[in-house]
Amino acid sequence: MKFDAIKKLLSSKTVGIAGCGGLGSNCAVALARVGVGNIIVVDFDVIEKSNLNRQYYFYDQIGKKKSTTLKENINKINPEVNVIAIDKKLDSESITETFKDCNVIVEAFDKAETKQMLIETVLENFPDKAIVSGIGMAGWGDNSSIKTVQHNNLFICGDQKSEVSEDNPPLAPRVGVVANMQANKVLEILLRK
Amino acid sequence: MKIILNNREEIFKVDKLTIDELIKLKNFSFRLLVTKINGELVKKENRGNAIIVEGDTVAVIHMISGG
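Going line by line, the protein sequences match chains A and B. Note that the working numbering has the first sequence beginning at 1, numbered continuously upward. Note that the working numbering has the second sequence beginning at 1001, numbered continuously upward.
Derived by calculation from the structure, the hints in this document are not laboratory data. Please note that a few of the clues may not be correct.
Unchecked claim - One-sided excerpt, in silico: chain B residues whose CB lies under 7 angstroms from chain A: (1) S1029; (2) L1032; (3) I1037; (4) G1039; (5) I1064; (6) G1067.
Glycine included, C-beta positions come from ideal geometry on N, C-alpha and C.
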């Protein structure tokens, strides 16, 4: 398929991204570059200097809100993407309201508890929607352990074992691999229907 | 019984298991999990009576912090 045809197909699609951190910001940028028409980005957090080792923000954006700043960054790359930035901490009720019209949902939270909450909420309320989650991406090296695994409509990108900690921090290369793997899987889902 | 667990065929000596029993048997030690039987979510409070039988497809997914 030529890029123009791909762009045309993607322009009518909507992707919801829960979390604008290491996974969410990088995944959103990749999808914006290829021309996904509508991207919903949700995060309540503020950009900190320590985020810059992996998150798609710039030095002069420290202190600003992630959701609205990600929207700015996306539109600087591709002004045609309709970005809906939501500055909010999601719970199971707001998840269903926020993502109900999405073709695909990307799970890009950082805490295991909230990852579980999001995945379970989507599986229960939107059993027919694809959800692409990122699990296990800490540290460096070990490219070969990063994979995508499918369980019906739930896709998991990552090594499914490397937990983030002080001794095993999340870093741009490995986090970026997982985030882009998520974006690649989203593309596959959007382009196959 | 023969089941598919996390996309791999596995054989167990018993002919049924609850999800909680399976978790114990397999030593799935992470405290936060998402579990499914035949594509349907089984929440934590139901894992003690959700029964797996011959031919079922089961997913036990560890939630790991990072993202």
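Here's how the hints hold up against the structure:
no., hint, result
1, S1029, "violated, 12 angstroms"
2, L1032, "holds, 5 angstroms"
3, I1037, "violated, 11 angstroms"
4, G1039, "holds, 4 angstroms"
5, I1064, "holds, 5 angstroms"
6, G1067, "holds, 4 angstroms"
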